[in-house]
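As a plain string of letters, each chain reads:
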Amino acid sequence: MQRFLWDSIKQPVRVALLCVAGLVVSLQPAFAEFKVGLVLDRGGKDDKSFNSSAYEGATEAKKKLGIFLKYVEATDDNAYESQLRAFAQRDFDLIIGIGFAQKEAIKKIAAQFPQKHFAIVDAQVDAPNVRSLMFEEHEGAYLIGAIAAMTSKTGKIGFVGGMDIPLIRRFAMGYEAGAKKINPQVTIVANYVGVTSEAWNNPPKGKELAMTQYDGGVDVIFAAAGASGLGVFDAAEERKKFAIGVDANQDWTKPGLILTSMLKRVDEAVRSTIEEAQAAKFTGGVKRFGLANKGIDYSFDQYNASVLTEAVRKRADELKAEIIAGTITVPDYYKKQ
Amino acid sequence: MRKILQPILAVVLGLTLGLGVTWIAGESPWHVLRILGRGAFGSSYDFGMTLFYATPLIFTGLSVAVAFHAGLFNIGAEGQLTLGALAAAAVGALWPGLPAPLAPVLAGVAAIVAGTCWGAIPGWLRARRGSHEVINTIMLNFVAAGLASYVALYLLKNPDSQNPETRPMGAGYLIHQFGFFGGAPVSAALPLAVGTAFLIWMLLWKTALGFEIRAVGQSESAARVAGIDTGKIRILAMAIAGGLAGLVGIGEVLGNAGKFRLGFSPDYGFLGIAVALLGRNQPLGVVAAALLFGALHKGTADLDMETEHVTRELSLVLQALIILSVSAEGLWSWMKKRGQT
Amino acid sequence: MAEGFTAAVELRELSRRCGNVAANAGINLRVEPGTIHGVIGENGAGKSTAMKILYGVMQPDSGDIFIDGKKCVWTSPTDAIAMGVGMVHQHFMLAGPYSALDNILLGAEPRRWGMIDRKRARARLEALASQYGLPVDWDRPIEELPVGIQQRIEILKLLYREARILILDEPTAVLTPQETNDLFCNLKKLRSEGKTILLITHKLREVMAFTDRVTVFRAGKVTGEVQTAQTTPQELASLMVGRKVVLNINVSPASPRPEPAIEIAGLSLAGEGAGSRHSLSNVSLRVNRGEIVGIAGVEGNGQSELLQAMLHPRDARCRTSGTVQFLNEDVTAWEALKIRDLGVAVIPQDRQHEGLLLERPVSESFLLGLQRNPAFSRWGLLNSGNWQAAATRAMKEYDVRPGDLTMPAGRLSGGNQQKLIVAREFQRQPRVLIAAQPTRGVDVGAIEFIHERIVRARDEGAGVLLVSFELDEILALSDRILVMYEGRIVAEFNRGGVSERELGLKMAGS
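Residue numbers (the numbering used here), protein chains in the order written: chain A, 245 to 581; chain B, 222 to 562; chain C, 16 to 525.
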């Protein structure tokens with residue numbers, strides 16, 4: 245009985261639903277508001293690092309430029325594609341995918357919607373309507389390595405990576421090269437929190453690794469481990485040793501103990517891409533962010549002024565200038581393979 | 222009649238509660254409902270995604286249902302499907318050059334075998350060692366996740382990707398994707414799932430083995446006195462349940478990704494419990510419930526996009542409310558009683 | 016009030032339908048305070064339904080309940096117990112691992128500062144126990160106590176809750192003769208203390224010996240209410256079944272053939288833990304085809320273990336040494352199913368848990384164990400047509416009522432459940448029949464029917480092993496009697512070669 249009822253009304257209901265939906269869509273403001281869709285990865289906008297940074301960049305653009313911004317958080321690996329597609333179908337002008345996990349989805353959807361503009365962070369997609377926002381992490385890590393080696397009194401420095409993937413290996417390699425540049429005898433202890441995406445969000449494990457390193461004589465640790473890095477900072481506090489932050493400026497979290505942070509300006513990359521796209525200056529291809537255009541940098545503010553000495557900063561800035569000038573070539577894990 | 226009506230009422234109640242929550246969050250329930258409907262069924266692509274999500278849920282729902290008929294609670298479908306997918310991808314990564322008809326069959330068999338073994342272990346532990354399958358299946362989920370990480374990241378790692386995934390398999394492995402879903406990855410795994418549901422229905426209700434499985438689930442002591450080797454039946458039932466969960470690997474690996482991606486499953490294995498519950502452990506019911514949950518999963522993803530206040534988390538609340546109202550069977554008898562007096 | 020007393024319990028024109036069946040149709044029942052009132056009837060006659068209504072588990076469709084002359088309407092047993100009406104169920108409602116004390120307190124915990132005040136409760140219970148002469152070991156886990164004591168605890172539970180009207184549902188079904196005697200002594204004591212007792216049973220002997228007044232149920236109606244002193248068992252029996260019944264069937268003499276049906280040699284099972292009584296020591300026995308061998312004994316002397324060892328010889332938990340042979344085949348290493356396929360029919364001791372799929376349709380219980388029989392399945396596929404047809408036929412032949420195959424087996428009355436099991440087991444054309452307590456908790460009509468079938472199976476050449484705790488049954492049916500005591504066979508008698516008294520002594524170990 246119920247089934248029969250439903251059968252007899254479902255068609256009209258469907259049609260009515262679609263009509264109403266169509267009406268609502270067509271009634272939306274007709275003036276050309278620039279629309280930006282942001283697809284965050286599974287970490288979500290409150291991960292306090294990568295995704296947060298991207299979200300902040302987009303929000304800033306919204307405030308400054310008056311664009312229409314909509315973000316979504318992926319529910320699973322197969323959702324990227326349908327969310328990117330949904331944005332493309334709904335007249336969004338620029339669609340940005342955050343994180344390398346979306347690489348294939350962007351590639352596919354960009355090919356299906358050649359009129360739309362896309363951007364992706366941390367992955368390279370070769371298509372005329374896709375801008376790949378790539379960061380020269382190794383350059384920043386090189387400076388961080390140099391700063392760590394200069395600050396270390398024991399000649400032993402540490403590295404705690406999040407997930408063991410090429411991206412993080414790239415950090416590690418640059419870090420090592422920078423440290424060796426300052427002190428060829430330096431010992432570097434490197435550990436990774438894990439091999440799954442859980443590794444980005446496991447502070448206890450991060451802390452455990454850091455404690456072991458500190459107790460083995462390490463006195464500066466670079467944490468490139470997302471939220472697991474917070475555990476490294478806790479260890480630093482307990483052992484009264486230095487730690488170094490990553491991606492965002494994390495100096496404020498433990499003033500005086502965070503030596504510096506390696507800044508990866510995802511927010512800047514997202515913001516500038518939106519700005520250019522709105523001004524009809526969008527270009528495809530790879531856009532690299534490195535020391536030269538301040539997409540990568542190290543932090544210096546009131547929270548670490550007492551620990552990051554003038555001399556260290558001076559030497560670091562010299563190295564920075566040399567890298568920008570091309571007189572120093574930082575080894576790149578990606579190119580090594 | 223009541224058997225069909227009750228789950229439907231439960232869904233309606235859950236949906237109403239969920240819409241109430243979105244209303245409190247500041248969103249018009251009618252608007253939310255409309256987006257849900259459009260997100261899940263609005264276009265051939267949307268409907269395709271609904272079917273895509275429903276496919277693994279049919280398998281895991283059947284997996285939980287078969288175990289349940291034997292009086293076992295399979296919480297291990299997540300681990301079983303992980304290993305099933307891994308095995309299929311491993312075959313494809315190790316022998317990428319195999320030709321079309323052979324390759325997918327081989328990979329599919331690998332998926333089933335891996336899932337079957339992973340299901341049989343807790344079955345054996347329960348039957349012969351008396352340790353409870355709920356604990357063992359949960360534990361084996363962790364083991365499966367660890368094993369999959371190790372294989373995907375150290376043995377068969379895809380060198381061209383940052384993602385934790387295995388090397389892509391050869392083109393010969395990919396199974397047919399239907400064209401009319403506008404690019405949604407609906408593959409031959411869907412008819413396979415529906416066909417499997419039919420076979421499981423046959424198994425449970427038309428075969429001696431199925432009768433034995435149900436008898437053991439109904440009354441182990443009666444089955445034992447009747448000469449049924451209850452231990453063997455339990456192992457078999459868990460093995461079948463594992464194999465069913467392992468079949469998820471076919472849709473994901475052969476029909477969609479072409480490789481094993483770590484963490485590809487948005488908890489299909491656990492959702493399978495809800496699917497089986499809503500489907501009353503009947504294969505046909507499982508198919509219908511899987512469709513509903515597929516539609517919910519797809520529809521709620523769109524809610525995030527189309528509304529201001531309904532986020533990913535609220536979508537989960539909506540799904541959870543439906544599961545709750547389905548499982549609150551006591552509620553129905555209570556309501557019935559109230560109606561009588 | 017016509018009879019000059021205010022009834023402790025009165026049911027007036029009580030009706031209740033269960034599905035399409037009128038379980039109770041206009042029941043009238045009056046119980047005089049301070050008496051033991053018997054309620055008898057065949058299984059399915061409606062006495063359980065009436066008592067469930069009286070106890071608040073079920074609600075009547077129409078009719079009224081009066082307690083001490085006051086009209087009562089209740090929706091749950093809580094209401095009933097508040098009015099002083101309590102029930103001891105046939106299957107005890109006890110939590111096995113907990114102590115007697117905790118079981119009694121469960122649901123009625125005396126609280127002090129939010130904590131359970133065990134001390135006070137214990138003092139009160141000990142007073143109750145000595146007042147009524149019901150001593151109990153308060154601290155042992157319930158599951159370690161004998162059934163008779165468990166029942167005593169159920170009664171104390173009601174007394175603790177200040178019940179004045181006690182309903183006992185088939186209280187002797189699970190008791191040994193000695194325990195039965197104790198129970199009735201205790202009931203008489205309760206009566207002398209002013210309690211009113213409703214005794215639901217179908218054992219005429221108990222009714223005749225212990226009740227003051229009897230109400231007889233048949234097919235949902237009351238067919239008679241009489242003073243016990245003024246009636247005879249034959250009259251009650253005919254009121255129950257609507258026809259004259261022969262209580263002791265005449266079993267023709269056996270003509271055993273020399274072929275062995277069952278041969279057990281040196282069967283032993285070590286009990287768990289030191290000093291455990293639940294074990295078998297060197298049991299050997301032989302049952303020839305065409306004879307009935309009865310195993311007499313008080314429950315818990317190894318009968319269950321013996322049956323387990325015979326049916327599951329491969330299972331190490333069931334047997335530690337010895338051999339089992341059926342029909343000249345050594346089956347010691349066989350799977351259970353293969354053994355059953357030799358033509359071994361089993362009527363299990365606990366029909367609900369070991370014989371039926373209670374929540375499933377009758378047809379499925381009928382198929383249980385036969386699912387691999389070539390008549391019902393081929394290549395693993397069930398032949399529904401054959402199966403349903405055979406089930407329908409069997410329901411008719413074995414008079415299982417109602418003959419509705421789709422009804423859950425658990426909704427059948429006890430006697431019909433047992434007949435269903437007999438119907439199923441006899442589909443095998445048994446050459447060996449193992450019948451454990453085949454008539455436990457079954458009405459007179461069904462007892463007669465089942466006994467007849469067992470004898471007929473014997474006459475058709477089956478070797479029958481009968482395990483029963485009912486002496487009457489053992490004496491009536493067995494061609495030979497073996498007595499089991501503490502895991503051993505301690506005596507053997509031929510038909511007619513032993514008196515009830517002598518057998519009772521042997522069972523008690525002397």
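Heads up, some of the hints might be wrong.
Unchecked claim - Below, in silico cross-link-like pairs of lysine-lysine (DSSO-like), each with a Cα-Cα straight-line distance of 27 angstroms or less:
#  : chain 1 : residue 1 : chain 2 : residue 2
1  : A       : 314       : A       : 525
2  : B       : 427       : A       : 579
3  : A       : 351       : A       : 314
4  : A       : 484       : A       : 424
5  : B       : 453       : B       : 427
6  : A       : 579       : A       : 352
7  : A       : 308       : A       : 352
8  : B       : 378       : A       : 449
9  : A       : 484       : A       : 449
10 : B       : 427       : C       : 411
11 : A       : 279       : A       : 308
12 : A       : 307       : A       : 579
13 : A       : 308       : A       : 425
14 : B       : 378       : A       : 351
15 : B       : 378       : A       : 352
16 : C       : 353       : B       : 427
17 : A       : 525       : A       : 498
18 : A       : 558       : A       : 424
19 : A       : 314       : A       : 279
20 : C       : 411       : B       : 453
21 : A       : 306       : A       : 531
Treat the hints as calculated values from the structure; they're not laboratory data.
So, against the hints stated earlier in the document, which numbers end up violated here? As far as the earlier hints go, 2, 7, 12, 13, 17 and 20 are violated by this structure, in ascending order.
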